[in-house]
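Top line first, the protein sequences correspond to chains A and B. Following numbering that gives the first Met the number 0, the residues of the first sequence are numbered contiguously, the last one being 280. Following numbering that gives the first Met the number 0, the residues of the second sequence are numbered contiguously, the last one being 149.
Hints are supplied without guarantee of correctness; some may be wrong.
[Stated by the list, open to error] Listed next, with one range per pair, are the computed distances between beta-carbon atoms:
(1) A:Q229 <-> B:Q75: 47 to 53 Å
(2) B:N107 <-> A:D77: 37 to 43 Å
(3) B:H121 <-> A:N118: 42 to 48 Å
(4) A:L72 <-> B:R58: 37 to 43 Å
(5) A:S144 <-> B:T110: 36 to 42 Å
(6) A:K44 <-> B:N107: 45 to 51 Å
(7) A:D171 <-> B:I56: 51 to 57 Å
(8) B:I56 <-> A:Q229: 56 to 62 Å
(9) A:L98 <-> B:T110: 54 to 60 Å
[To be verified] Listed next, the stretches of chain A that the computed footprint assigns to chain B, with coverage defined by at least 3 CB atoms under 8 Å from CB atoms of chain B:
(10) 183-191
(11) 200-206
[Unchecked claim] Sample of chain A residues facing chain B (criterion: CB under 8 Å; computed from the structure):
(12) K119
(13) K179
(14) L194
(15) G240
(16) K243
(17) Q248
What the hints contain is simulated information worked out from the structure, not anything from laboratory work. Note that the structure is a prediction, hence the values are computed from the model and not measured. We put the beta carbon where it would ideally sit given N, CA and C, even for glycine.
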Amino acid sequence: MNFKTITTAVALVGASIALAACQGTAGYEPNPYDSMDGGIWSGYKTASVETQAMQNDDFENPAMPWVDAAAELYDKADGEANVSCADCHGAPDDETGGLKHIPMKGVGASYPAFDPETNKPINIEMRINQCRTKYQKAKAYKYESDEMLGMTGLVAMQSRGMERVSTADFPDDKLNAFWKKGEEFYYQRRGQLDLACSNCHEDNPGNMIRAERLSQGQSNGFPTYRLKWQKPGSLHRRFRGCNKNIRAQPYGYGSDEYMNLETYLAWRGRGLPIEAVSVRK
Amino acid sequence: MKHAKLMTAAFGLALAGTIATGAQAAELVNYKIVDETIPQSLTGKPGDAAKGKKIVIHRKKGNCLACHVMPIPEQQFHGLTGTDLNGVGSRLDEATLRMRLVDPKVINDGTMMPSFYKTGQHRVLKKFIGKTILNAQEVEDIVAYLMTLK
Numbered sequence: 000m001n002f003k004t005i006t007t008a009v010a011l012v013g014a015s016i017a018l019a020a021c022q023g024t025a026g027y028e029p030n031p032y033d034s035m036d037g038g039i040w041s042g043y044k045t046a047s048v049e050t051q052a053m054q055n056d057d058f059e060n061p062a063m064p065w066v067d068a069a070a071e072l073y074d075k076a077d078g079e080a081n082v083s084c085a086d087c088h089g090a091p092d093d094e095t096g097g098l099k100h101i102p103m104k105g106v107g108a109s110y111p112a113f114d115p116e117t118n119k120p121i122n123i124e125m126r127i128n129q130c131r132t133k134y135q136k137a138k139a140y141k142y143e144s145d146e147m148l149g150m151t152g153l154v155a156m157q158s159r160g161m162e163r164v165s166t167a168d169f170p171d172d173k174l175n176a177f178w179k180k181g182e183e184f185y186y187q188r189r190g191q192l193d194l195a196c197s198n199c200h201e202d203n204p205g206n207m208i209r210a211e212r213l214s215q216g217q218s219n220g221f222p223t224y225r226l227k228w229q230k231p232g233s234l235h236r237r238f239r240g241c242n243k244n245i246r247a248q249p250y251g252y253g254s255d256e257y258m259n260l261e262t263y264l265a266w267r268g269r270g271l272p273i274e275a276v277s278v279r280k
Numbered sequence: 000m001k002h003a004k005l006m007t008a009a010f011g012l013a014l015a016g017t018i019a020t021g022a023q024a025a026e027l028v029n030y031k032i033v034d035e036t037i038p039q040s041l042t043g044k045p046g047d048a049a050k051g052k053k054i055v056i057h058r059k060k061g062n063c064l065a066c067h068v069m070p071i072p073e074q075q076f077h078g079l080t081g082t083d084l085n086g087v088g089s090r091l092d093e094a095t096l097r098m099r100l101v102d103p104k105v106i107n108d109g110t111m112m113p114s115f116y117k118t119g120q121h122r123v124l125k126k127f128i129g130k131t132i133l134n135a136q137e138v139e140d141i142v143a144y145l146m147t148l149k
């Protein structure tokens with residue numbers, strides 16, 4: 000061990016001591032979220048009081064015009080089959096699920112689900128389009144269209160307050176292989192900034208990146224109305240935004256990669272109440 | 000021990016060599032890692048501390064304030080995920096700071112901090128492929144600035 004090595008070692012030890020001593024200095028409030036019972040929490044918790052108030056009241060929630068428009072579409076016969084969503088499922092809040100006994104309540108809390116037709120996970124957006132093309136014989140909605148966002152919101156919000164469930168970590172769960180790939184994605188560094196989802200959302204939730212407080216990256220509020228977007232947006236839109244922020248090439252809407260990640264995130268957020276359509280800054 | 004250190008340096012060079020096969024990597028300066036430090040200036044020129052301060056603030060360049068508290072009170076909202084950089088010029092030497100800017104993962108492979116002078120990360124957005132976050136002189140300017148934080 001030469002002198003240089005010793006100097007470096009001393010400098011490094013010194014740096015770590017200084018690091019430890021500097022935490023929570025410089026006039027900053029201690030992070031009120033880093034000791035949050037070590038459990039999971041929704042981005043709602045760190046939203047401003049004004050933003051929370053918007054989400055709490057459907058008359059204030061700016062996503063509701065999209066949901067209202069979708070509620071009209073829900074009742075309207077469409078496609079060559081000339082049937083409406085309501086014809087099969089009953090009203091969105093009909094807990095008996097109408098003629099087909101498939102209620103909308105619970106969908107938002109349990110999706111993504113395994114789709115035996117494609118042998119892949121399927122989210123609400125894809126399920127809506129499956130219904131449209133297969134049963135209504137209508138044209139699929141575009142992923143991020145107003146119709147799709149409104150309809151996804153309408154379906155998801157029937158599960159408001161219900162706890163997210165996922166058993167994708169069970170080896171015999173049909174989603175297990177996709178859950179595993181989603182986990183790999185979550186921990187893989189990417190982009191010029193070389194960051195994994197975990198660097199921000201697992202290691203630093205509640206911490207500040209300049210004026211932004213990092214969330215746990217939970218998906219229980221989606222689709223969400225982002226004030227920054229001035230409209231509701233899908234979880235995959237948020238993934239794409241996150242990827243671009245770290246200068247990583249995003250994947251497509253509804254891509255296998257994002258479906259795996261969505262499957263994994265649902266599992267991470269199990270137990271959180273569904274908030275759709277949430278409001279965030 | 001000394002042998003192990005030399006191995007690390009050799010690995011660092013090998014890594015730099017791998018990167019040098021990338022598209023625009025010819026522009027990357029070939030630097031030498033010694034005991035997890037880079038003793039030599041990347042440009043052979045001293046950094047400009049005043050320019051360095053501008054780069055640490057610039058959101059598309061260093062953007063150091065995203066994660067670090069720094070003695071720059073005129074800028075609001077310093078991030079809190081990284082180490083407080085007040086006094087960093089007394090705690091770390093120039094060669095260590097240069098290493099921590101160029102590729103901090105050589106020192107700590109779990110760090111959240113980006114490597115500011117490196118290419119070849121996974122799935123880089125097309126317009127940034129083969130490009131480093133900072134150029135060699137910008138790294139030197141930041142090193143010079145950080146050394147003033149006594």
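Hint numbers the structure violates, sorted upward?
1, 2, 3, 6, 8, 12, 13 and 15
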